[in-house]
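There are 2 protein chains.
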Amino acid sequence: MAEKKKEDMKKVQAEKVDEVIEEAVEELTEEALEDIVEEEVSELDEALARAEEWENKFLRISAEIQNIQRRANEERSSILKYRSQDLAKKILPSLDNLERALAVEGLTEDVKKGLEMTRESLINALEEEGVTEIKADGAFDPNFHMAVQTVPADDEHPADHVVQVFQKGYQLHDRILRPAMVVVAQ
Amino acid sequence: MAEKKKEDMKKVQAEKVDEVIEEAVEELTEEALEDIVEEEVSELDEALARAEEWENKFLRISAEIQNIQRRANEERSSILKYRSQDLAKKILPSLDNLERALAVEGLTEDVKKGLEMTRESLINALEEEGVTEIKADGAFDPNFHMAVQTVPADDEHPADHVVQVFQKGYQLHDRILRPAMVVVAQ
Chain A
4 MAEKKKEDMK
14 KVQAEKVDEV
24 IEEAVEELTE
34 EALEDIVEEE
44 VSELDEALAR
54 AEEWENKFLR
64 ISAEIQNIQR
74 RANEERSSIL
84 KYRSQDLAKK
94 ILPSLDNLER
104 ALAVEGLTED
114 VKKGLEMTRE
124 SLINALEEEG
134 VTEIKADGAF
144 DPNFHMAVQT
154 VPADDEHPAD
164 HVVQVFQKGY
174 QLHDRILRPA
184 MVVVAQ
Chain B
4 MAEKKKEDMK
14 KVQAEKVDEV
24 IEEAVEELTE
34 EALEDIVEEE
44 VSELDEALAR
54 AEEWENKFLR
64 ISAEIQNIQR
74 RANEERSSIL
84 KYRSQDLAKK
94 ILPSLDNLER
104 ALAVEGLTED
114 VKKGLEMTRE
124 SLINALEEEG
134 VTEIKADGAF
144 DPNFHMAVQT
154 VPADDEHPAD
164 HVVQVFQKGY
174 QLHDRILRPA
184 MVVVAQ
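Chains A and B supply the protein sequences, listed in that same order. To convert, count from 1 in the first sequence and add 3; that's my numbering. To convert, count from 1 in the second sequence and add 3; that's my numbering.
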């Protein structure tokens with residue numbers, strides 16, 4: 004009986020020991036873990052923040068690339084569209100000279116034909132590149148015409164209408180190379 | 004004495020318990036930590052890898068932006084440099100016509116003067132845009148000249164030299180608009 008009691012006591016003691024061990028393990032583990040996990044978590048947070056920062060930088064710069072490409076394309080199109088502007092502007096006086104030469108009295112047929120051919124080829128070259136003569140036979144439009152003289156309006160020439168063209172105007176697509184110099188009725 | 008022995012036994016037992024607890028705590032803590040730390044470390048590794056990946060993507064795209072801008076600038080410069088190419092090419096026949104008209108016999112002084120002025124203004128306009136006449140008075144150069152006829156070489160005209168220019172050639176900066184049509188000694 005005493006033996007049995009001793010056994011029981013040992014058992015109870017062993018159980019208590021297990022309990023104490025368990026509790027102590029729990030407590031110590033938690034503490035140690037808290038420290039380590041805290042450290043790891045701050046490193047993780049930092050890494051996550053860095054990842055997000057680089058991702059955002061990447062996204063911003065990607066959007067910027069599209070802007071750069073769009074602007075470059077727009078600029079390219081504009082340069083191509085108006086590429087002939089400078090040379091065309093400089094050629095206009097030659098065309099004026101040709102037309103003045105053609106207006107001279109007493110030209111031989113040969114010379115007249117040569118001048119006409121030259122004028123035609125010049126106008127064709129300009130037209131192929133988008134240069135056209137500005138219309139100047141109706142209402143005066145300050146966007147296209149420059150009034151260099153005014154005359155009183157009459158039945159034939161109503162007010163604010165072009166009466167005569169002194170020098171032809173030209174435009175490249177929608178851009179004025181030079182306005183038409185005109186006489187306007189007032 | 005029995006009491007003292009009991010006390011001693013208890014003490015020894017308690018020490019043993021402490022030892023066991025310590026060992027168990029150590030073992031269990033290590034195990035638990037390993038698991039948790041392993042998990043945290045894999046999350047951290049993942050986050051670090053992500054951060055690095057986005058950083059690399061950012062760096063690659065930054066380099067790409069510089070390439071895009073460089074290419075766009077090069078293209079822009081090239082378009083601007085040769086912008087007058089098309090119109091200039093189309094104007095050359097007008098210049099030919101003018102020079103043919105000027106070569107006609109029996110022109111009046113007025114007409115001649117008018118044609119000269121037109122020719123000068125045309126050549127000036129072209130020159131201002133970078134168009135120049137190709138030299139064709141020395142050695143034949145297939146990069147600039149096109150041989151349309153050959154004649155036997157003599158003292159005055161050594162072999163592989165230009166003897167006569169049929170039609171003038173022109174270049175825009177370093178680019179040939181059309182080669183000079185020439186007769187070559189052989």
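It should be emphasised that the hints constitute simulated quantities derived from the structure, not laboratory data. Note that the structure is predicted; figures quoted are calculated from it, not measured. You may find that some hints are simply not true.
Where chains are identical, the list cannot tell them apart; a pair therefore holds if satisfied intra-copy or between any two copies.
Derived pair list, reagent style DSSO-like, types lysine-lysine, alpha-carbon separation capped at 27 angstroms [to be verified]:
hint, residue 1, residue 2
1, Lys84, Lys60
2, Lys171, Lys14
3, Lys8, Lys19
4, Lys138, Lys171
5, Lys138, Lys84
6, Lys14, Lys138
7, Lys9, Lys84
8, Lys116, Lys60
9, Lys171, Lys84
10, Lys138, Lys116
11, Lys138, Lys93
12, Lys93, Lys13
13, Lys115, Lys138
14, Lys116, Lys19
15, Lys171, Lys60
16, Lys93, Lys8
17, Lys93, Lys115
Going down the list of hints, with the structure as the test:
no., hint, result
1, Lys84 with Lys60, "neither (36 angstroms within a copy, 37 angstroms between copies)"
2, Lys171 with Lys14, "neither (121 angstroms within a copy, 120 angstroms between copies)"
3, Lys8 with Lys19, "both (16 angstroms within a copy, 22 angstroms between copies)"
4, Lys138 with Lys171, "within (9 angstroms within a copy, 36 angstroms between copies)"
5, Lys138 with Lys84, "within (21 angstroms within a copy, 32 angstroms between copies)"
6, Lys14 with Lys138, "neither (117 angstroms within a copy, 118 angstroms between copies)"
7, Lys9 with Lys84, "neither (108 angstroms within a copy, 109 angstroms between copies)"
8, Lys116 with Lys60, "neither (69 angstroms within a copy, 68 angstroms between copies)"
9, Lys171 with Lys84, "within (22 angstroms within a copy, 29 angstroms between copies)"
10, Lys138 with Lys116, "within (26 angstroms within a copy, 30 angstroms between copies)"
11, Lys138 with Lys93, "both (20 angstroms within a copy, 24 angstroms between copies)"
12, Lys93 with Lys13, "neither (117 angstroms within a copy, 116 angstroms between copies)"
13, Lys115 with Lys138, "within (26 angstroms within a copy, 31 angstroms between copies)"
14, Lys116 with Lys19, "neither (127 angstroms within a copy, 128 angstroms between copies)"
15, Lys171 with Lys60, "neither (56 angstroms within a copy, 58 angstroms between copies)"
16, Lys93 with Lys8, "neither (124 angstroms within a copy, 123 angstroms between copies)"
17, Lys93 with Lys115, "both (24 angstroms within a copy, 22 angstroms between copies)"
Hints 1, 2, 6, 7, 8, 12, 14, 15 and 16 from the earlier list are contradicted by this structure; the remaining hints agree with it.
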